[in-house]
Amino acid sequence: MVRLIAFLVGLFFSGMLLLGLGDTVITAIKEPAVPSVEAEFHEETLPVTFAHDGPLGKYDRGQLQRGLKVYSEVCAACHSLNLVSFRDFAALGYSEEQVKALAKAWKTEVPSINPETGEPATRPAIPADKIPSPFANEVAARAANNNALPPDLSLITKAREGGPAYVYSLLLGYRDQAGYKNEEGKELLKEFPEAATPAGLHFNPWFANLNIAMAAPLTADDQVTYDDGTKATKKQMAEDVSAFLTWAAEPKMENRKSAGWAALGFLLVFTVLAWMSYKTIWADKKH
Amino acid sequence: MSFPWAQEYKPQGTVSKWVDERLPLPRLVYNAVGAGYPVPRNLNYFWNFGVLAGVALVIQIVTGIVLAMHYYASVDGAFNSVEHIMRDVNSGWFVRYAHMNGASFFFIVVYIHIFRGLFYGSYKAPREMIWLLGVTIFLLMMATAFMGYVLPWGQMSFWGAQVITGFFSAIPLVGEPLRQLLLGGFAPDQAALNRFFSLHYLLPFVIAGVIILHIWALHIPGSSNPTGVSVKGEQDTVPFHPYYTAKDGFGLGIFLIFFVAVTFFAPNMLGHPDNYIPANPLSTPAHIVPEWYFLPFYAILKAFTVDFGIPFTGIIIIPAKLMGVLAMFGSILLLFFLPWLDTSPVRSGHYRPLFRKFFWYGLIPSLLVLTYCGGKPPYTQWVVLSQLAAAYYFAHFLIILPIVSRIERPLPLPNSITEAVTGKPLPAAA
Numbered sequence: 000m001v002r003l004i005a006f007l008v009g010l011f012f013s014g015m016l017l018l019g020l021g022d023t024v025i026t027a028i029k030e031p032a033v034p035s036v037e038a039e040f041h042e043e044t045l046p047v048t049f050a051h052d053g054p055l056g057k058y059d060r061g062q063l064q065r066g067l068k069v070y071s072e073v074c075a076a077c078h079s080l081n082l083v084s085f086r087d088f089a090a091l092g093y094s095e096e097q098v099k100a101l102a103k104a105w106k107t108e109v110p111s112i113n114p115e116t117g118e119p120a121t122r123p124a125i126p127a128d129k130i131p132s133p134f135a136n137e138v139a140a141r142a143a144n145n146n147a148l149p150p151d152l153s154l155i156t157k158a159r160e161g162g163p164a165y166v167y168s169l170l171l172g173y174r175d176q177a178g179y180k181n182e183e184g185k186e187l188l189k190e191f192p193e194a195a196t197p198a199g200l201h202f203n204p205w206f207a208n209l210n211i212a213m214a215a216p217l218t219a220d221d222q223v224t225y226d227d228g229t230k231a232t233k234k235q236m237a238e239d240v241s242a243f244l245t246w247a248a249e250p251k252m253e254n255r256k257s258a259g260w261a262a263l264g265f266l267l268v269f270t271v272l273a274w275m276s277y278k279t280i281w282a283d284k285k286h
Numbered sequence: 000m001s002f003p004w005a006q007e008y009k010p011q012g013t014v015s016k017w018v019d020e021r022l023p024l025p026r027l028v029y030n031a032v033g034a035g036y037p038v039p040r041n042l043n044y045f046w047n048f049g050v051l052a053g054v055a056l057v058i059q060i061v062t063g064i065v066l067a068m069h070y071y072a073s074v075d076g077a078f079n080s081v082e083h084i085m086r087d088v089n090s091g092w093f094v095r096y097a098h099m100n101g102a103s104f105f106f107i108v109v110y111i112h113i114f115r116g117l118f119y120g121s122y123k124a125p126r127e128m129i130w131l132l133g134v135t136i137f138l139l140m141m142a143t144a145f146m147g148y149v150l151p152w153g154q155m156s157f158w159g160a161q162v163i164t165g166f167f168s169a170i171p172l173v174g175e176p177l178r179q180l181l182l183g184g185f186a187p188d189q190a191a192l193n194r195f196f197s198l199h200y201l202l203p204f205v206i207a208g209v210i211i212l213h214i215w216a217l218h219i220p221g222s223s224n225p226t227g228v229s230v231k232g233e234q235d236t237v238p239f240h241p242y243y244t245a246k247d248g249f250g251l252g253i254f255l256i257f258f259v260a261v262t263f264f265a266p267n268m269l270g271h272p273d274n275y276i277p278a279n280p281l282s283t284p285a286h287i288v289p290e291w292y293f294l295p296f297y298a299i300l301k302a303f304t305v306d307f308g309i310p311f312t313g314i315i316i317i318p319a320k321l322m323g324v325l326a327m328f329g330s331i332l333l334l335f336f337l338p339w340l341d342t343s344p345v346r347s348g349h350y351r352p353l354f355r356k357f358f359w360y361g362l363i364p365s366l367l368v369l370t371y372c373g374g375k376p377p378y379t380q381w382v383v384l385s386q387l388a389a390a391y392y393f394a395h396f397l398i399i400l401p402i403v404s405r406i407e408r409p410l411p412l413p414n415s416i417t418e419a420v421t422g423k424p425l426p427a428a429a
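Protein sequences appear in the order of chains A and B.
Take the first sequence: its letter number 270 is residue 269 in numbering that gives the first Met the number 0, and every next letter is one higher.
Take the second sequence: its letter number 133 is residue 132 in numbering that gives the first Met the number 0, and every next letter is one higher.
Think of the hints as simulated: they come from the structure by calculation, not from any bench.
Note that this is a predicted model, so its numbers are computed, not measured.
Careful: at least some of the hints might be erroneous.
[Claimed, not checked] Just the calculated beta-carbon pair ranges, DEER-fashion:
hint	chain 1	residue 1	chain 2	residue 2	range
1	A	P133	B	Q189	49 to 57 angstroms
2	A	A214	B	A142	42 to 50 angstroms
3	A	G56	B	V57	51 to 59 angstroms
4	B	L353	A	I4	21 to 29 angstroms
5	A	S257	B	I211	36 to 44 angstroms
[Stated by the list, open to error] Partial chain A-side listing against chain B, Cβ under 10 angstroms, derived:
hint	residue
6	G9
7	S13
8	L45
9	A258
10	A262
11	T270
12	W274
13	I280
[Said to hold, decoys possible] Only pairs whose alpha carbons sit at most 25 angstroms apart, straight line, appear in this in silico PhoX-like list of lysine-lysine:
hint	chain 1	residue 1	chain 2	residue 2
14	B	K231	A	K285
15	A	K57	A	K251
16	B	K320	A	K284
17	B	K423	A	K285
18	A	K68	A	K234
19	A	K29	B	K320
20	A	K57	A	K234
21	A	K233	A	K57
22	A	K99	A	K129
23	A	K251	A	K129
24	A	K129	A	K180
25	B	K231	A	K284
26	A	K68	A	K106
27	A	K68	A	K230
28	A	K256	A	K57
29	A	K278	B	K320
30	A	K29	B	K375
31	A	K99	A	K180
32	A	K29	A	K68
33	B	K231	B	K423
34	A	K99	A	K234
Idealized CB from N, CA, C, for every residue including glycine.
Isolated chain A, as found in the complex (with noise of 0.2 angstroms):
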């Protein structure tokens, strides 16, 4: 009875799906996909690597101290980083009264109370406060920028696929849309006419539908002045800016990645020893 059963499921079962495939593969055939624009001229993340890439991997201090520098000038204008505290910048190699300093000279004040009347009022930040956003709420963020939304930035390596890659990509990723060819030589206009960037977008091969409402933020050579004496090239602080936010998504990535080293030493000691007394008990026993 059981077999009965469970054979005239299988063969419901297998039979629809196979009936599926058909229907699939008819429509298929019928009303071919017509390949999206996204599909043709969405490109994949630009090769660059890290000081911070591979399992012994660390952050290069300078190349963070650079990049909040680039965050802190031209992203800073519209993204916050609400996961992240000023004195969290002492892990970037600031010593306390610099934190200090960072927090008190901060271009966005932060909430707070006037502690006389009560009314809503700002103050400078100081080293607990998280970086704060440059509006006071997202119906303020989208008013100001064409009703787009300035994501926070604290996760944004974590959160999209290619991580660093990808915002180092995007960030040096538009393009003049007019004429604009992929590898294959195919121009996206000839292609897709009615794909053109809407205005007040702008176009990126390397954002996900390829219109961002963001625009270039890195517009020049020199847009930022390094401490160090480095060349802020459009290249360097694009990577600069992307090992930073890096940082700022994973701040225990160097903790990890020791405590997994002594971890997988002190596992490999473990399960040589657990192979010796494994074979020594076994001696006598054929298995």
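Keeping the supplied structure of chain A fixed, place chain B upon it in accordance with the hints.
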């Protein structure tokens, strides 16, 4: 417990004797996983995975309890509380990454454990009850893992909860009310998050309870073995301790090396980037995909694309969506009937030439294809592949296995485990 030659627990000191007379817990442990449990001497490394699954559960419970001390089940605070654990709690990043990857590794070892059972026929008499309890554990694990994935309240958490609870709305008449009852609202929200947290904390202990039954049921007939031949005498077995405790120790070392390598060096490899975006009910991710261990079942769900009805009348009896949901649950529930679908008296796939072909060239590839396609967007090639693989999956268990069991001529079995191991026939019974 299982064989007359099993070593007996002999308490040595006064204290041990005192305890043994009042609460023989050490005796229970001795008989369950100590020298008192005789185990076939020929187990291969696939038999390590039961113990490893137990270890994985312990890792999940220990890390989970610590996480719950710092986690805050609130739609406004959950996401940030997880980041608080990652950034501010001492070694919180380790506990969280271990828990997150621990779930994946739990499924990896359980899938290998199930694979072992399927190939070596561990579900057959007299071990049906062990198998039934095992499938129950698997279902509980899936429920627990799903609810755990909702807790960080990221985009995939939210939309995963939306999609999975949406399955229930496919049920006619009661579907939508049932879905609202499960969620405690019209969409995943605070009520759903609270109850998922509560159940996510509860179910692992239920799993632990069913595992005790699973091991209890195992100790009645004793462990199966790669030849599938039953134990004939003392020469066929070795005491669990020290023989298999030593082998499991080695297996545990290898398992932990893999686990540690992923947890410390590629902790987000098995996750989805979208879950690092806070949940937003107003923005649907481009591709909603579950965790990798659910992908085969997700592929089965999506593989049903045509309604079942009366041709040319437009009357639909079972819509495609409902059928997908039924099939997805059915694909797991059918495992409960496996001991009665595969009627071959030969347990081990080694001695079943026809079964082995369907197993290696049919079932395993179709499961791999389903896993792969489950994570792909619904383009024609992936849909066609998953339809083919899903059709095979159901046919394999429900049609092919019963027929194969009937027509197959198994290879000659060794007379005993010892003979299979040593190549020598048994000495005459004394």
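- Message: Check whether the Cα positions of K29 of chain A and K68 of chain A lie no farther apart than 25 angstroms.
- Response: Answer violated: K29 of chain A to K68 of chain A is near 56 angstroms, above 25 angstroms.
- Task: Take a quick look at whether K256 of chain A and K57 of chain A sit within 25 angstroms of each other, Cα to Cα.
- Result: 9 angstroms, holds
- Message: Hint check: K29 of chain A vs K375 of chain B, CA-CA at most 25 angstroms. Holds or violated?
- Response: Satisfied, since the Cα-Cα distance of roughly 23 angstroms is no more than 25 angstroms.
- Supplied distance hint 51 to 59 angstroms, evaluated on CB atoms of G56 of chain A and V57 of chain B: Violated: the Cβ-Cβ distance is about 32 angstroms, outside 51 to 59 angstroms.
- Message: Using the nearest Cβ pair, does I280 of chain A come within less than 10 angstroms of chain B?
- Response: 5 angstroms, holds
- Would you check the hint for K29 of chain A and K320 of chain B, treating anything up to 25 angstroms between C-alpha atoms as holding? 23 angstroms, holds
- Query: Does K284 of chain A lie within 25 angstroms of K231 of chain B when you go C-alpha to C-alpha?
  - Reply: Holds, because 17 angstroms separates the two Cα atoms, which is no more than 25 angstroms.
- Task: State, for the Cβ atoms of S257 of chain A and I211 of chain B, whether the hinted interval 36 to 44 angstroms holds or is violated.
- Result: 39 angstroms, holds
- 25 angstroms limit on alpha-carbon distance, applied to hinted pair K251 of chain A and K129 of chain A: 17 angstroms, holds
- Given the range 49 to 57 angstroms, decide if the beta-carbon distance of P133 of chain A to Q189 of chain B lies inside it. Cβ of P133 of chain A to Cβ of Q189 of chain B: about 30 angstroms, so the range 49 to 57 angstroms is violated.
- Task: For the pair supplied as a hint, K231 of chain B and K423 of chain B, confirm whether the alpha-carbon distance does not exceed 25 angstroms.
- Result: 15 angstroms, holds
- Message: Next item in the hint list is A262 of chain A. Is there a CB on chain B closer than 10 angstroms to its CB?
- Response: Cβ of A262 of chain A sits 5 angstroms from chain B, so the hint holds.
This entry does not satisfy hints 1, 3, 8, 16, 24, 29, 31, 32 and 34, going by the numbered hints stated previously.
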